Amino acid sequence: LADSLAQIFMLTTRDELRQQAYQMVGAKNNRDFALAVEARLNEYFESKQRKLDKRSVLQIRQEKDAARVILEHFLKMAGLPPDAVEKFSSKK
Numbered sequence: 013l014a015d016s017l018a019q020i021f022m023l024t025t026r027d028e029l030r031q032q033a034y035q036m037v038g039a040k041n042n043r044d045f046a047l048a049v050e051a052r053l054n055e056y057f058e059s060k061q062r063k064l065d066k067r068s069v070l071q072i073r074q075e076k077d078a079a080r081v082i083l084e085h086f087l088k089m090a091g092l093p094p095d096a097v098e099k100f101s102s103k104k
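Numbering of the sequence shown is given in this note's numbering, commencing with residue 13 and proceeding in unit increments.
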């Protein structure tokens with residue numbers, strides 16, 4: 013998205029529009045513009061993700077542990093040797 017916007021502003025025939033867009037994000041050229049837009053998009057998505065995930069750290073760990081137990085069970089049922097089960101279901 014950031015690259016697409018940068019290309020659009022680079023190709024525009026209205027220099028004043030391009031300069032205004034650069035000023036809005038504190039950029040001096042097309043590359044800086046793309047990097048600034050990308051950084052702002054990343055900040056936006058990270059803040060939205062934090063708002064969406066209101067679970068406690070303990071709850072997330074419990075869910076991961078439960079998923080690991082289920083995975084171990086299915087791997088054992090599939091006939092994998094114990095060391096392979098441990099490798100696939102380890103917390104690493």
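It should be emphasised that the hints constitute simulated quantities derived from the structure, not laboratory data.
Values in this document were obtained by computation on a predicted structure and should not be read as measured data.
Accuracy of the hints is not assured; some may be wrong.
Below are the DSBU-like pairs computed for lysine-lysine, each with C-alpha atoms no more than 35 Å apart in a straight line [as the list claims (entries may be wrong)]:
#1 K66 <-> K40
#2 K88 <-> K99
#3 K66 <-> K76
#4 K40 <-> K76
Across the chosen pairs, the derived CB separations fall in these ranges [said to hold, decoys possible]:
#5 S59 <-> P94: 53 to 59 Å
#6 T24 <-> E98: 53 to 59 Å
#7 G38 <-> R80: 44 to 50 Å
#8 D77 <-> E28: 45 to 51 Å
#9 D77 <-> L29: 49 to 55 Å
#10 Y56 <-> Q32: 18 to 24 Å
#11 D27 <-> R73: 50 to 56 Å
#12 D15 <-> K88: 17 to 23 Å
Idealized CB from N, CA, C, for every residue including glycine.
Going through the hints against the structure:
no., hint, verdict
1, K66 <-> K40, "violated, 39 Å"
2, K88 <-> K99, "holds, 12 Å"
3, K66 <-> K76, "holds, 16 Å"
4, K40 <-> K76, "violated, 45 Å"
5, S59 <-> P94: 53 to 59 Å, "violated, 43 Å"
6, T24 <-> E98: 53 to 59 Å, "holds, 58 Å"
7, G38 <-> R80: 44 to 50 Å, "holds, 45 Å"
8, D77 <-> E28: 45 to 51 Å, "violated, 58 Å"
9, D77 <-> L29: 49 to 55 Å, "holds, 54 Å"
10, Y56 <-> Q32: 18 to 24 Å, "holds, 21 Å"
11, D27 <-> R73: 50 to 56 Å, "holds, 54 Å"
12, D15 <-> K88: 17 to 23 Å, "violated, 47 Å"
In the structure shown, a violation is registered for the earlier hints numbered 1, 4, 5, 8 and 12, in ascending order.
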